[in-house]
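A.B. asks: Single-letter residue listing:
Number of protein chains: 2
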Amino acid sequence: MAGIGRRAREASLATAKASTQQKNAALNALADTLLAREGALLEANAQDMAAGRESGLDAALLDRLELTPARIAAMAEGVRQIAGLPDPVGAIRDLARRPSGIQLGRMRVPLGVVGIIYESRPNVTADAAALCLKSGNASVLRGGREALQSNQAIAACIGEALSAAGLPEAAVQVLDFTEREAVRLMVTLPEYIDVVVPRGGKGLVAAVSEGARVPVIKHLDGICHVYLHDAAPAQMAVDIAVNAKTQRFGTCNTMETLLIARSRLEELLPPVAQGMRAKGVELRGCAACREVDAQMQPASEEDWATEYLAPVLSIRAVDDFEAALAHIRQYSSGHTEAIVTADHATAMRFLREVDSSSVMVNASTRFADGFEYGLGAEIGISTDKFHARGPVGLEGLTSEKYIVFGEGQIRE
Amino acid sequence: MAGIGRRAREASLATAKASTQQKNAALNALADTLLAREGALLEANAQDMAAGRESGLDAALLDRLELTPARIAAMAEGVRQIAGLPDPVGAIRDLARRPSGIQLGRMRVPLGVVGIIYESRPNVTADAAALCLKSGNASVLRGGREALQSNQAIAACIGEALSAAGLPEAAVQVLDFTEREAVRLMVTLPEYIDVVVPRGGKGLVAAVSEGARVPVIKHLDGICHVYLHDAAPAQMAVDIAVNAKTQRFGTCNTMETLLIARSRLEELLPPVAQGMRAKGVELRGCAACREVDAQMQPASEEDWATEYLAPVLSIRAVDDFEAALAHIRQYSSGHTEAIVTADHATAMRFLREVDSSSVMVNASTRFADGFEYGLGAEIGISTDKFHARGPVGLEGLTSEKYIVFGEGQIRE
Numbered sequence: 001m002a003g004i005g006r007r008a009r010e011a012s013l014a015t016a017k018a019s020t021q022q023k024n025a026a027l028n029a030l031a032d033t034l035l036a037r038e039g040a041l042l043e044a045n046a047q048d049m050a051a052g053r054e055s056g057l058d059a060a061l062l063d064r065l066e067l068t069p070a071r072i073a074a075m076a077e078g079v080r081q082i083a084g085l086p087d088p089v090g091a092i093r094d095l096a097r098r099p100s101g102i103q104l105g106r107m108r109v110p111l112g113v114v115g116i117i118y119e120s121r122p123n124v125t126a127d128a129a130a131l132c133l134k135s136g137n138a139s140v141l142r143g144g145r146e147a148l149q150s151n152q153a154i155a156a157c158i159g160e161a162l163s164a165a166g167l168p169e170a171a172v173q174v175l176d177f178t179e180r181e182a183v184r185l186m187v188t189l190p191e192y193i194d195v196v197v198p199r200g201g202k203g204l205v206a207a208v209s210e211g212a213r214v215p216v217i218k219h220l221d222g223i224c225h226v227y228l229h230d231a232a233p234a235q236m237a238v239d240i241a242v243n244a245k246t247q248r249f250g251t252c253n254t255m256e257t258l259l260i261a262r263s264r265l266e267e268l269l270p271p272v273a274q275g276m277r278a279k280g281v282e283l284r285g286c287a288a289c290r291e292v293d294a295q296m297q298p299a300s301e302e303d304w305a306t307e308y309l310a311p312v313l314s315i316r317a318v319d320d321f322e323a324a325l326a327h328i329r330q331y332s333s334g335h336t337e338a339i340v341t342a343d344h345a346t347a348m349r350f351l352r353e354v355d356s357s358s359v360m361v362n363a364s365t366r367f368a369d370g371f372e373y374g375l376g377a378e379i380g381i382s383t384d385k386f387h388a389r390g391p392v393g394l395e396g397l398t399s400e401k402y403i404v405f406g407e408g409q410i411r412e
Numbered sequence: 001m002a003g004i005g006r007r008a009r010e011a012s013l014a015t016a017k018a019s020t021q022q023k024n025a026a027l028n029a030l031a032d033t034l035l036a037r038e039g040a041l042l043e044a045n046a047q048d049m050a051a052g053r054e055s056g057l058d059a060a061l062l063d064r065l066e067l068t069p070a071r072i073a074a075m076a077e078g079v080r081q082i083a084g085l086p087d088p089v090g091a092i093r094d095l096a097r098r099p100s101g102i103q104l105g106r107m108r109v110p111l112g113v114v115g116i117i118y119e120s121r122p123n124v125t126a127d128a129a130a131l132c133l134k135s136g137n138a139s140v141l142r143g144g145r146e147a148l149q150s151n152q153a154i155a156a157c158i159g160e161a162l163s164a165a166g167l168p169e170a171a172v173q174v175l176d177f178t179e180r181e182a183v184r185l186m187v188t189l190p191e192y193i194d195v196v197v198p199r200g201g202k203g204l205v206a207a208v209s210e211g212a213r214v215p216v217i218k219h220l221d222g223i224c225h226v227y228l229h230d231a232a233p234a235q236m237a238v239d240i241a242v243n244a245k246t247q248r249f250g251t252c253n254t255m256e257t258l259l260i261a262r263s264r265l266e267e268l269l270p271p272v273a274q275g276m277r278a279k280g281v282e283l284r285g286c287a288a289c290r291e292v293d294a295q296m297q298p299a300s301e302e303d304w305a306t307e308y309l310a311p312v313l314s315i316r317a318v319d320d321f322e323a324a325l326a327h328i329r330q331y332s333s334g335h336t337e338a339i340v341t342a343d344h345a346t347a348m349r350f351l352r353e354v355d356s357s358s359v360m361v362n363a364s365t366r367f368a369d370g371f372e373y374g375l376g377a378e379i380g381i382s383t384d385k386f387h388a389r390g391p392v393g394l395e396g397l398t399s400e401k402y403i404v405f406g407e408g409q410i411r412e
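Just so you know, the protein sequences line up as chains H and W, in that order. Residues in the first sequence are numbered consecutively from 1, following the working numbering. Residues in the second sequence are numbered consecutively from 1, following the working numbering.
None of these hints come from the bench; they were simulated from the model. Treat the hints with care, since some could be wrong.
[Unchecked claim] Stretch-level coverage of chain H by chain W, calculated; a stretch enters the list once three of its residues show a Cβ under 8 Å from a Cβ in chain W:
id: 1; stretch: 107 to 113
id: 2; stretch: 124 to 137
id: 3; stretch: 163 to 176
id: 4; stretch: 349 to 357
id: 5; stretch: 362 to 372
id: 6; stretch: 395 to 405
[Said to hold, decoys possible] Calculated lysine to aspartate or glutamate pairs in the EDC-like style (CA-CA distance at most 20 Å, straight line):
id: 7; chain 1: W; residue 1: Lys17; chain 2: H; residue 2: Glu66
id: 8; chain 1: W; residue 1: Lys17; chain 2: H; residue 2: Glu353
id: 9; chain 1: H; residue 1: Lys218; chain 2: W; residue 2: Glu191
id: 10; chain 1: W; residue 1: Lys17; chain 2: H; residue 2: Glu302
Computed from a predicted model, the values in this text were never measured in an experiment. Don't be surprised by glycine CBs; every beta carbon is placed ideally from N, CA and C.
Looking at chain H on its own, in the form it has when it is part of the complex (with noise of 0.2 Å):
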């Protein structure tokens, strides 16, 4: 792990000055090679799927690991369109003249090394290496062990691109290991590794997060909640509330709570109810809910506290919005969190003291992504407030260094 360590530090060099052609040419060649590849790509993950029916792996596990040609052309397209994005490296901003006479300002550069350690999907193996090259970053992967023949093929790939760019192959690692040891390991060089990424549920950020002395950009759960306010209109409390559980239920940014106005509570929640139960939701309440809806089952104090991801939804009144606020600061991860209002002050208050990565007014939770926001693509969310919070694109995973421009400048 050391060589592979010390393999990164040094490739990180080359891509820290790597020009933009030149990284923008690496992963238009990763993409068209991914393409050209797809025959022997197949056959990889035939094997991996083959294993993993043998060794009993679940439906939802298999349906990650599959690769098919649709998913390959949508894993190139991904890294064609990081390609497309800006390049944030030696990016200047704020230069500005200080009264000694230097020129001031801040300049985006790489953070060095990155560390990716993710589950069974092998299109991240593609999606990482790209976003960590085009911040100018080298990285270290190291994918599921049920992938692990899918993952070397896509890494001939990446390797390939790399050469024909004239880029040091060592600049994107694919550990052909995938022992727990790898990630112990990871995380415990911060003379080679700079900064960590686990890609998975609670258990594998949790076993990173133990034991680091390597930074970790940490995505714990997405408890999220929805606040229909009680100056919410009311069909957009209604279509968004549905909305942020329904249109997908595994993601971090579903909707894991609601709450609602108790001045609301006759009005809102019956059709609010409808709405959940023609999708299959099991509604879970507090005990003014099951007043209004009797065939509610009683939420539990561990249901405020859990992220489903699944057609399960808790819902609890709030006399107020210091009491929505108390509930959200108990419960929430830290997510995403919105509040459907029409007045004015409520929702600057709302956006100010909520304390989660996104907070939104009047729109549904599940825009909280990278792609919705623009960032293209995402390495991860971060729950965290240090360096990175909310969907971590390329800004990310760089740092900023200042720098001075002078003209001889010397103090006095």
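For chain H, the structure is supplied; the task is to place chain W on it using the hints.
C.D. replies: Same frame as chain H, now just chain W:
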């Protein structure tokens, strides 16, 4: 410590939503109180000084520890300057409409609770408390044992100022125990403390980072280089080199190694050596340097890797730009590097390729500090690349969240 953490976390809700006026009122009240309590501060400090003398603190440490009426006035003035800085909290940038119709922007928010661990200078207590409060954070301050009485006297002023402005006293907690155990506890309570900033020598930073489960904004050594390039204007080269070394010896942005283009060695080394020796600097050089200047002691491998913080300078001749870059890459601590050159392309390559928190063209490394950079004050200078890099002022104590203004948008 957990109780202190809990109170800090709770107070951070109040500081996060405090208005600019309220925060500034507290800071101006603090400045007034420090001046009004001059007698009490001097008395407390006299106790620390007496204890320090008794326990055999050296003269430099006693000097740092001492409060005088002038130093108290400077401390009050520093706090007032922080009150005068723009409030970073709540600033919104890049508000723009996305194809979905939502308006997306980023709002600057406090980190939450900041822990500061520092050594003997009592003025850090007021300074750090003021920076944390202005940036909307609660803070937990742990000063040096030798400054305990002084720090407690300053803490009393802070508490009074917070109360006068209607802010919770727990917004700034100055620990009245200074055991190493306090440090260990602070860095292992991520649920209560969001970031820890050690202000002090390498030993302190290493002790704080060891086993930290909370992010640490680290400031390690300042092994800073000035590179006199082949195209350096002669007088500018000499002036900047002498200033970067001799304007102050003990600061982290002081030059410790001078690199001189071999093509200019015979021309530039004699006036540089004369300027340095006139200020009492001992010179240690490579073989080529010693051929030009026989008085010079030889520089060892260890010299290139040493932060002298003293009137000692190592000097090395470099064959070309690549050799200069390679030396910097190997020995620099990533703090501040400067080049002196009249050649534009070389200047721009140096700016891009040197991976330090400040990179300068034709200016003295001594400019690399928060005051010269217009941050008003600094909580430290980060040699990390993650989160904050270079002088860390109010912005480094904040994060940004995404905000979304919708008009009922749902995801299709």
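A.B. asks: Would you mind marking each hint as holding or not holding in the structure?
C.D. replies: Status of each hint after checking the structure:
Three residues within the 8 Å Cβ limit are the bar, and the stretch 107 to 113 of chain H against chain W gives 4, so the coverage statement holds. Counting residues of the stretch 124 to 137 of chain H whose CB falls under 8 Å from any CB of chain W gives 0; the rule of at least 3 is not met. With 0 residues having a beta carbon nearer than 8 Å to a beta carbon of chain W, the stretch 163 to 176 of chain H misses the requirement of three or more and the stated coverage is violated. Closer than 8 Å: that is the beta-carbon criterion, and the stretch 349 to 357 of chain H has 6 residues meeting it against chain W, so the requirement of 3 holds.
For the stretch 362 to 372 of chain H, the assignment as covered by chain W holds, since 7 residues bring a beta-carbon within under 8 Å of that chain's beta-carbons and 3 suffice. Coverage of the stretch 395 to 405 of chain H by chain W holds [criterion: at least 3 residues with CB-CB distance below 8 Å; count 7]. Annotation: proposed proximity of W/Lys17 to H/Glu66 is violated, straight-line Cα distance about 48 Å (limit 20 Å). Under the criterion of a C-alpha separation no larger than 20 Å, the hint pairing W/Lys17 with H/Glu353 is consistent with the structure, at around 7 Å.
With a CA separation close to 15 Å, the supplied pair H/Lys218 and W/Glu191 stays within the 20 Å bound. At most 20 Å may separate the alpha-carbon atoms for a hinted pair to count; W/Lys17 and H/Glu302 exceed this at roughly 30 Å.
The structure is inconsistent with the numbered hints 2, 3, 7 and 10, although it conforms to all the rest.
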